[in-house]
Amino acid sequence: MLKNCIIISVLFLSVFNTALWSESGVLSYLEGRVTLERSGSPQKPAEIGDTLVSGDTLYTDSKSFAEVELASGSTLSIKEGSVFNFGEIADNDSKSGKRGFFRVLLGNVSFKFKNLLREPEVGTPLAVLAVRGTDFTVYTAPDGASMTVVSDGLVEVSSGGQTVLLAADQGVEVAAGLGLGETFDARKGFVRYDAFVQQALERSDSDPVGSLNAIAEQFYEYAQDGKFFLDSWKTNYEEVQKTRSQIDLTREKKGDEAAAEIMQTIMKPLQLRSLDLNRTYRFNFISGLYLRRYVISSYYIRFRTKFLTDTGNPEWQKFLEAYKDVLDVYDNQLIPFLEDEDL
Numbered sequence: 001m002l003k004n005c006i007i008i009s010v011l012f013l014s015v016f017n018t019a020l021w022s023e024s025g026v027l028s029y030l031e032g033r034v035t036l037e038r039s040g041s042p043q044k045p046a047e048i049g050d051t052l053v054s055g056d057t058l059y060t061d062s063k064s065f066a067e068v069e070l071a072s073g074s075t076l077s078i079k080e081g082s083v084f085n086f087g088e089i090a091d092n093d094s095k096s097g098k099r100g101f102f103r104v105l106l107g108n109v110s111f112k113f114k115n116l117l118r119e120p121e122v123g124t125p126l127a128v129l130a131v132r133g134t135d136f137t138v139y140t141a142p143d144g145a146s147m148t149v150v151s152d153g154l155v156e157v158s159s160g161g162q163t164v165l166l167a168a169d170q171g172v173e174v175a176a177g178l179g180l181g182e183t184f185d186a187r188k189g190f191v192r193y194d195a196f197v198q199q200a201l202e203r204s205d206s207d208p209v210g211s212l213n214a215i216a217e218q219f220y221e222y223a224q225d226g227k228f229f230l231d232s233w234k235t236n237y238e239e240v241q242k243t244r245s246q247i248d249l250t251r252e253k254k255g256d257e258a259a260a261e262i263m264q265t266i267m268k269p270l271q272l273r274s275l276d277l278n279r280t281y282r283f284n285f286i287s288g289l290y291l292r293r294y295v296i297s298s299y300y301i302r303f304r305t306k307f308l309t310d311t312g313n314p315e316w317q318k319f320l321e322a323y324k325d326v327l328d329v330y331d332n333q334l335i336p337f338l339e340d341e342d343l
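Numbering-wise, our numbering puts 297 at position 297 of the sequence shown, and it's gapless, one number per residue.
Pairs of lysine-lysine, BS3-like flavour, derived with a Cα cap of 30 Å:
{"hint": "1", "residue 1": "Lys114", "residue 2": "Lys79"}
{"hint": "2", "residue 1": "Lys242", "residue 2": "Lys254"}
{"hint": "3", "residue 1": "Lys112", "residue 2": "Lys79"}
{"hint": "4", "residue 1": "Lys114", "residue 2": "Lys63"}
Bear in mind the hints are in silico, worked out from the structure with no lab data behind them.
Treat the numbers as computed from the prediction; the structure is a model and nothing was measured.
Take these sequences, add in the hints, and give me the full structure.
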């Protein structure tokens, strides 16, 4: 199922150093208006020294900027007009059982990693970035398209079965309906974020219905894949329960050594698979949530404004029909599987 998803995989898709995430991040610098949103709490003005934990989202207004420092000394620079989310997902190899996951939902964020023992994971509404680079920038346009630019290190980018390895001073774009673009020269002065955003807006404005359908296709896949992996997790959980009973019975009849053998050969693989399935279904449902919240909603607002004085326009009616289909899937195939803290 996931093979058709637009995914930027940049071998950064491994894991964060556990220590890095045990202390989370600290807002080390800011300019202008920066807002912090924490799950279950109202938004508040961010302040230097604020600790960022899983689930936190930072919003930077126009002419605003924020810098986050991690325990390793790594820094994240969040530029103006950006939406940036801290998160975590299950990870079998981490002592805590979790790993960090950054999302660049809008705008652009630069990452500079130091003492990188394990590779963190970065996402956009349409992509997952798994990177071997130590210095790179991720740009996300209002239509969900993303551009990855590498300053130092290597980044492997995959989409729709295609893969490209970016070296320093190289970049690539990914957009709904277009997939992986051509590698381009990303030396300083050659990359213009404003031009990237303008191109994305022109692309969606030229074909509102087609653009929404391209985004919606990814949204539907997130919902379908989330349900598929959730069902797989439930099936695996039943196997875990059966195996637990088998271990208890074996211990009673054959002793601890025989029970330990079942634990090692059967139960442990089942538990690891459970973590993998949990991570995957959660990733898909939350990705669908953010795609709806930060991309599809902005599509609706922009085109509602465009057709405000021409609501009978056939193009607007087609757009509304497609948008209502998205809302139906959102309400019935995604919301029921999200946790309160996600919303």
